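Once you've looked at the hints, dock chain B against the given chain A.
Chains as they are written, first to last, in the numbering used here: chain A, 4 to 432; chain B, 4 to 432.
One thing to keep in mind: the hints can contain errors.
Just so you know, same-sequence chains aren't split out, so a pair can sit in one copy or run between any two.
[Claimed, not checked] DSBU-like cross-link-like pairs, simulated, lysine-lysine; straight-line CA separation at most 30 Å:
1) 147 - 297
2) 30 - 297
3) 323 - 385
4) 413 - 347
No wet-lab data here; the hints were simulated from the structure.
It should be emphasised that the depicted structure is a prediction, and the values quoted were computed from it without experimental measurement.
Each chain, letter by letter, is given below.
There are 2 protein chains.
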Amino acid sequence: MGRTEINIVLLGLGVVGGGVARALQEKAEAYAEQAGLPLVLRRVLVRDPSKPRPISLDDGLMTADPDEALDADADIIVELMGGETPALDYIERSLKSGRHVVTANKEVVSKHWLRLHSAARDAGVEMHYEASVGGGIPIISPLKRDLAANEIIGIRAIINGTTNYILTRMAAEGVDFGDALRQAQELGYAEADPANDIEGQDSVYKLSILASLAFRTFISPDDIYREGITQLHARDFKYAAELGYIIKLLAVAKREQGGVRARVHPALLAKDELLARVDGVLNAVQVEGDLVGKVLFQGPGAGSEATASAVMADVLEAAKAIRSGEPTTPQDRSSGLAAEPISKLVSRYYVRIEVMDRPGVLAVIARSLGDHGVSIASVIQKETDEEGQTAELVIMTHGAREDSMQSSIKQIGGLPEVSEIGSVIRVED
Amino acid sequence: MGRTEINIVLLGLGVVGGGVARALQEKAEAYAEQAGLPLVLRRVLVRDPSKPRPISLDDGLMTADPDEALDADADIIVELMGGETPALDYIERSLKSGRHVVTANKEVVSKHWLRLHSAARDAGVEMHYEASVGGGIPIISPLKRDLAANEIIGIRAIINGTTNYILTRMAAEGVDFGDALRQAQELGYAEADPANDIEGQDSVYKLSILASLAFRTFISPDDIYREGITQLHARDFKYAAELGYIIKLLAVAKREQGGVRARVHPALLAKDELLARVDGVLNAVQVEGDLVGKVLFQGPGAGSEATASAVMADVLEAAKAIRSGEPTTPQDRSSGLAAEPISKLVSRYYVRIEVMDRPGVLAVIARSLGDHGVSIASVIQKETDEEGQTAELVIMTHGAREDSMQSSIKQIGGLPEVSEIGSVIRVED
Chain A
4 MGRTEINIVL LGLGVVGGGV ARALQEKAEA YAEQAGLPLV LRRVLVRDPS KPRPISLDDG
64 LMTADPDEAL DADADIIVEL MGGETPALDY IERSLKSGRH VVTANKEVVS KHWLRLHSAA
124 RDAGVEMHYE ASVGGGIPII SPLKRDLAAN EIIGIRAIIN GTTNYILTRM AAEGVDFGDA
184 LRQAQELGYA EADPANDIEG QDSVYKLSIL ASLAFRTFIS PDDIYREGIT QLHARDFKYA
244 AELGYIIKLL AVAKREQGGV RARVHPALLA KDELLARVDG VLNAVQVEGD LVGKVLFQGP
304 GAGSEATASA VMADVLEAAK AIRSGEPTTP QDRSSGLAAE PISKLVSRYY VRIEVMDRPG
364 VLAVIARSLG DHGVSIASVI QKETDEEGQT AELVIMTHGA REDSMQSSIK QIGGLPEVSE
424 IGSVIRVED
Chain B
4 MGRTEINIVL LGLGVVGGGV ARALQEKAEA YAEQAGLPLV LRRVLVRDPS KPRPISLDDG
64 LMTADPDEAL DADADIIVEL MGGETPALDY IERSLKSGRH VVTANKEVVS KHWLRLHSAA
124 RDAGVEMHYE ASVGGGIPII SPLKRDLAAN EIIGIRAIIN GTTNYILTRM AAEGVDFGDA
184 LRQAQELGYA EADPANDIEG QDSVYKLSIL ASLAFRTFIS PDDIYREGIT QLHARDFKYA
244 AELGYIIKLL AVAKREQGGV RARVHPALLA KDELLARVDG VLNAVQVEGD LVGKVLFQGP
304 GAGSEATASA VMADVLEAAK AIRSGEPTTP QDRSSGLAAE PISKLVSRYY VRIEVMDRPG
364 VLAVIARSLG DHGVSIASVI QKETDEEGQT AELVIMTHGA REDSMQSSIK QIGGLPEVSE
424 IGSVIRVED
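Chain A on its own, in the form it takes in the complex (with noise of 0.2 Å):
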């Protein structure tokens, strides 16, 4: 073959699209003794080409008519705009022209998974996403490649740093929720909109994808439940220290009653397991395989230099594939799970209850648990508020079915002797 460079354009020049700029720059030279040709960089798609940046391109390199971009000579192309729109179109153009696509966004790969991944395999390319999940954390590759020889049984991940620092604050400082959502927009942890975050959509973008991967079958992040962290109140971590727990803001997909069953909420985690122990900022994913066992990828979830790191393998890799004119492999077969409903999960509880302090309060609340086959393991009665004669109990129960416990909590809640259910969190086993 007459090719002697490997053409990228880059859409995007915003903290990774500035970090994966930047590694082009200084790494060309190790760069193009990897791929066996040099990377060269065609075109960048920015808003506003005239806007200051801190690094400083050839003249002419940067664009804000995408069509010019789009249509540039380019071997490679590298989203990372971010968003859906038009994010999507762009990706998807591109793969129709038959250029490789690397991209970190997690919205577009998980929300349009097989639309993408046929126009890819119809065009005889590759998509790379691998910065999509995880920042620099090597995750996608791994599940593709090196447990390939598996069957994956489970995943938990804790894959949101800007949650999973909020909630090391509250640990550790007894803060509540808002306070330490504060202390992370402020040190730049938590965007000034922070909902995507604090809500768990993030997290369900990247569990689509990861549980995707992992069980070979489409788990679209409508198939997910989600809950965010924002209900979660100080008092909560003191008590689940009390007890023995951490708790995190879990992303958990496992082959389940017969399909795939996947959700993103707070889980009370106990405080010896690993993924209890990852803190801050820190993502990580746990992967259970039939053959190896747990194994445990973790490292920066973000950040500007580790997410380029992931682009930068995937773009390698990409270019490793084009220059030997090696075939895009074939992809496998659909396993057919389907994803399962949170309904029907059995899982362990934290329910924590404000109740009038009186005696009696505690047999009925057992009873509408015992009504609904919720077996209580434990009942701690915590502060009481002697001005307004309530107390405040703390129920850990036995595995027991989400619809039951969802029914039994809806009936707790209106009975008389119950000011408020002050929170139902799932503990993780």
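Just chain B, lined up with the frame of chain A:
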């Protein structure tokens, strides 16, 4: 291509070989789908084909004749015999005859790195050895691919389960080395002859492989400083804990002073470090890259099925390459980095010394350290043996050079005021 299957020959049917043979049987359909062609076991080389085994293989598959196995119609040779002889010969012969090789043999791969890589390159095939380090934990492939965009700064690893189990028991229960070793042997975590593990040689082989890959230069096992765990005493764990440290057998390789310094020795690790929390037979490898920062890979470092997971991942990779006719990847040019000796290491040290319990002793010791440029960060006087009129000093130093430290320790050991140098352990910051 008219190829209808991928033919495999297995050398060795022990713990790992048995796991691989079982996986090939039980997952035949899944593997055929992934590889694009059925994987067919053609021959299994064993010492005694008549020996009863937990796995039942087709008649005539087993042979004790190496030629019969090595000359069989095979695309991939899987070497799981262990040991240097005759495994080296079999691997080399297989590569030279154009077969892809998958091996878990850390000793052969590390000692004969250049020779085997060159044989593979000349024959246009690949040698895969994911299972040689960390059992089922993906680490070779992440270093080759997922972290390829980084310049690796350092590796710190716990890669011997036997010693980690022993050290975990010593730390948790205050038992002596001998007792912990016996426990490990009873549980099957240590061999009857444990020398290779407890003297650190097993970790040296594995670190040689990790460092050679990470720094793209051959770091021979002979270039790696080695110190085992047999000299550690129960009270070192107690004193270390009081100072906020855990003792682990670490394998460390870092880009330092223009080269690569690699070493295996017990080290004090601050107890909140991720690696300090890796307990029992678990293995973990932490890699620091200039882009990604620190990522950690953790999981079971041994065992039949976990190791089979890594072996089979390699087999599937090789099978895909064979099926697609993919050209082998050109080897990266060597970085030319040379191995640095331990003598110029700069480290903090923990020193336990038994001294005469009389005034002025500390002054003499401090003078020797000072004369050698070693400054003391803290001194604690521990138990005093009134009968023997001796006391125990635990000294933590500031950063000092290894050769200066060793000279000073030698001098201190010869002082009339000193009865014994108890321990000298490096502190890993």
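* **Violated constraints from the hint list, given by number and in increasing order** => Violated hint: only 3; rest satisfied.
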